[in-house]
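Following the hints, complete the assembly by docking chain Y onto the known chain Z.
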Amino acid sequence: MKPLYKNTLLFLLLVGLFFAFSSLNKKYLLTDELLKDDFSKKYSIERVEDILKTQTNIHWYSYLINPTILFVKLHIYTITILSAFVFFEIKTKYADILLIVTTAYFSFLLTFILKFINFGFFTELNSLQQYKNYIPYSLLFYTKEIPNWLRYPVFLINVSEIAFISIMIFSFKRKFNLKLIKSSVIVISSYGLLTLLVAVVVVFLNIMSA
Amino acid sequence: MKRLFTILFYAIVIVIFALLFFIYLQNQKKTAIAEKIQSLPDFTFRTLGNSDFSKTDIIPEIPLIISYFHPECEHCQYDAKDIVKHKSDFNNCQILMISTSKTEEIKQFAEKYNLNELENLVLLHDTAFVFEDTFGKSPLPTLLIYSKEHKLLEKFSGEVKAEKIIEILNQ
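For the protein sequence lines, the chains are Z and Y, in the order given. Taken in order, the first sequence gives residues 1 to 210; the numbers are from the numbering used here. Taken in order, the second sequence gives residues 1 to 171; the numbers are from the numbering used here.
Just chain Z, with the same shape it has in the complex (with noise of 0.2 Å):
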């Protein structure tokens, strides 16, 4: 199979999954009930009202918006690793690293299947902060007392990005013969990198905006 039709199909596998899983977390753990719950804590019935109408309303722009940004972010990464194989010399196609990438990434799945298995079989969902701060493959689970603005990079440390990041180690190591140091080497001053910067900007709006 030709490379851009695997990549193709494999993107369309992800985005079918990650609409799959969001899809049956909202189905049934995050239904309206438990929203209009949470939401009357803080507004009144008729602004509860209101808002559950406007996600109704925006809620099917998410399947244009969400693939569009992972689309981006897929060859974002692809680009930012590649630049890292050109400046230590080595020879390879953009389609490889993409598909790599891509492979990869569906460790973030991770992230959705345990939320859906713990609420859905083991704890009573009460509500949506609950959700959200049901985080167990994140060091932010098992942090207490973090500021708001530090919540984030203390995020990204989960079993996710680790697996994100280990899968495209070992498969750049095996695809292109590369020494393991090597290879993670090309993955952690890229995308880490990359990582990095996001973490600080991403704290840096927080911290000018709260």
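Simulated from the structure, these hints should not be mistaken for laboratory data. Here the structure is a predicted model, which means the values were calculated and not measured. You may find that some hints are simply not true.
Said to hold, decoys possible - Taking lysine to aspartate or glutamate pairs in the EDC-like style, the calculated list, with each CA pair at most 20 Å apart, reads: (1) Lys-182(Z) - Glu-89(Z); (2) Lys-42(Z) - Glu-132(Y); (3) Lys-112(Y) - Glu-74(Y); (4) Lys-30(Y) - Glu-149(Y); (5) Lys-164(Y) - Glu-89(Z); (6) Lys-164(Y) - Asp-38(Z); (7) Lys-179(Z) - Asp-96(Z); (8) Lys-41(Z) - Glu-119(Y).
Same frame as chain Z, but now just chain Y:
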């Protein structure tokens, strides 16, 4: 090409360190303001009659609600409507509603939402844009609730229903 990537790499590293330094400075400032507002800080705003209104003009021994709003902000309009709807519950506290908007617009807002029905309401104009310097970052609307001893009970950023404010006041 290799040189370009080297330059880019170092540029990103420099940007990261510059942002980290800025974050450190901002955090210091934020922490200082957060500590300062735990007790009602000194402030001076202008009344709609164009006279000064400062901390000394506050009614003592009753809780204080400070609302930072803008007449055109939809969430502020909902807050105002909801507070007036529960006006009798706010009789035992003073409400300061502060805006950077024009005096005329504040007056129109007060009329439109019948704010004058609130007993201890003072509408103030932040002419010098100092609210955020005094009370920290304040997206619209921001609401600060102080006890009768003028200790901060809660700071809300964004819309909040009147019942929630009353619940905090009654704690």
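Legend entry - Earlier hints that do not hold, by number: The structure conflicts with hints 2, 4, 5, 8, although it agrees with all the remaining ones.
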